[in-house]
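Chains as they are written, first to last, in our numbering: chain S, 1 to 193; chain L, 1 to 193.
Hints in this document: simulated from the structure, not taken from any laboratory.
Careful, some of the hints might be misleading.
So the derived label-pair ranges between C-beta atoms look like this [to be verified]: (1) S/I8 with L/E37: 37 to 45 angstroms; (2) L/R175 with S/R125: 44 to 52 angstroms; (3) L/S7 with S/A145: 35 to 43 angstroms.
The C-beta atom is built at its ideal place from N, Cα and C for all residues, glycine as well.
There are 2 protein chains.
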Amino acid sequence: MRIYGDSISGNCLKVKWVADVLGVPYAWIEVDILKGESRTPRFLAMNPAGQVPVVVLDDGRVLSQSNAIILHLAEGSALIPRDAYERARMFEWMFWEQYSHEPYVAVARFQVRYMGKPVSELETRLVERGNAALQRLEDGLLGSAYLVGAAPSLADVALVAYTRLAPEGGFDLGRYPNVQAWVKRVEAALKIA
Amino acid sequence: MRIYGDSISGNCLKVKWVADVLGVPYAWIEVDILKGESRTPRFLAMNPAGQVPVVVLDDGRVLSQSNAIILHLAEGSALIPRDAYERARMFEWMFWEQYSHEPYVAVARFQVRYMGKPVSELETRLVERGNAALQRLEDGLLGSAYLVGAAPSLADVALVAYTRLAPEGGFDLGRYPNVQAWVKRVEAALKIA
Numbered sequence: 001m002r003i004y005g006d007s008i009s010g011n012c013l014k015v016k017w018v019a020d021v022l023g024v025p026y027a028w029i030e031v032d033i034l035k036g037e038s039r040t041p042r043f044l045a046m047n048p049a050g051q052v053p054v055v056v057l058d059d060g061r062v063l064s065q066s067n068a069i070i071l072h073l074a075e076g077s078a079l080i081p082r083d084a085y086e087r088a089r090m091f092e093w094m095f096w097e098q099y100s101h102e103p104y105v106a107v108a109r110f111q112v113r114y115m116g117k118p119v120s121e122l123e124t125r126l127v128e129r130g131n132a133a134l135q136r137l138e139d140g141l142l143g144s145a146y147l148v149g150a151a152p153s154l155a156d157v158a159l160v161a162y163t164r165l166a167p168e169g170g171f172d173l174g175r176y177p178n179v180q181a182w183v184k185r186v187e188a189a190l191k192i193a
Numbered sequence: 001m002r003i004y005g006d007s008i009s010g011n012c013l014k015v016k017w018v019a020d021v022l023g024v025p026y027a028w029i030e031v032d033i034l035k036g037e038s039r040t041p042r043f044l045a046m047n048p049a050g051q052v053p054v055v056v057l058d059d060g061r062v063l064s065q066s067n068a069i070i071l072h073l074a075e076g077s078a079l080i081p082r083d084a085y086e087r088a089r090m091f092e093w094m095f096w097e098q099y100s101h102e103p104y105v106a107v108a109r110f111q112v113r114y115m116g117k118p119v120s121e122l123e124t125r126l127v128e129r130g131n132a133a134l135q136r137l138e139d140g141l142l143g144s145a146y147l148v149g150a151a152p153s154l155a156d157v158a159l160v161a162y163t164r165l166a167p168e169g170g171f172d173l174g175r176y177p178n179v180q181a182w183v184k185r186v187e188a189a190l191k192i193a
């Protein structure tokens with residue numbers, strides 16, 4: 001398998017972590033999004049959406065969307081709960097991540113870290129919704145070691161990716177102690193600390 | 001099962017259609033988002049994210065996120081491809097829908113139809129990205145009756161929900177003939193025309 005990804009992207013790292021933890025062999029091909037390498041004609045032929053990550057499976061078939069890729073790689077593994085309701089809750093977190101977390105937490109971090117915008121100049125909406133997402137996670141982790149059930153699942157992989165980088169976007173994880181402890185726990189479980 | 005949903009929301013209708021087509025019995029409880037009914041303390045106790053749809057399963061457990069709910073309802077049905085790669089492609093479309101389609105196509109439609117904003121005053125970014133999403137669908141449907149494989153899947157359910165309402169946001173589906181024909185085909189398959 002070939003993984004086309006940018007190492008600065010949490011979405012891309014999700015795929016790397018799952019492949020690593022499950023022992024799936026791969027070649028990593030670095031795609032520099034800041035240099036527009038995900039918008040070249042060759043890249044767009046592979047993924048018309050112009051987004052990383054993309055994987056090319058051993059049979060040559062292509063797959064994109066980080067969460068779809070990790071679901072495919074982790075099929076049948078312990079990262080996907082066997083209980084139907086727990087699996088549904090895992091999906092709930094994963095769709096919520098792409099809709100209500102990534103567009104704020106990851107975008108703020110991108111603007112600060114890679115576009116050089118001062119934290120004080122971030123759009124209020126971005127900061128408010130990012131904090132709302134972190135608070136939602138904080139509440140979801142109350143009394144729980146992981147987001148779903150008693151073991152790490154793809155919900156943790158998907159949510160930790162940008163949550164651990166939230167301070168780079170000016171978010172103070174000290175306000176969210178459950179989240180802070182969970183980040184360390186998931187990093188240890190995935191061996192990415 | 002109880003479905004808490006607003007009939008004006010494509011996300012909520014996805015759940016209704018899947019329940020209907022699979023013969024899953026349910027009670028529909030209308031939640032008027034324009035009146036703030038998804039932000040009351042009682043509703044937030046059920047879904048802290050303050051979003052519809054929410055379902056309360058027969059055992060009292062709660063599930064939110066439209067795509068997570070339809071995955072749960074459709075488990076084992078023909079709406080989820082049995083082939084692992086086709087299933088992965090279905091997920092790819094479903095995550096793409098929430099990240100790259102709904103935030104533009106559905107938001108434009110909401111602003112025009114329910115906030116009374118003239119189409120000419122929509123943010124340029126919203127219109128451009130909405131059209132980019134529709135073009136991506138158009139390309140994805142080239143030579144295909146459905147988004148994944150030869151039969152309707154949850155990818156079609158998820159994407160048709162707001163695509164069929166795109167004209168209410170000022171998008172001209174006449175520019176996307178594959179999409180236009182596919183909308184009719186999926187509406188017929190789901191018996192929602």
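Of the numbered hints stated earlier in the document, which are not met by this structure? The structure breaks only hint 2.
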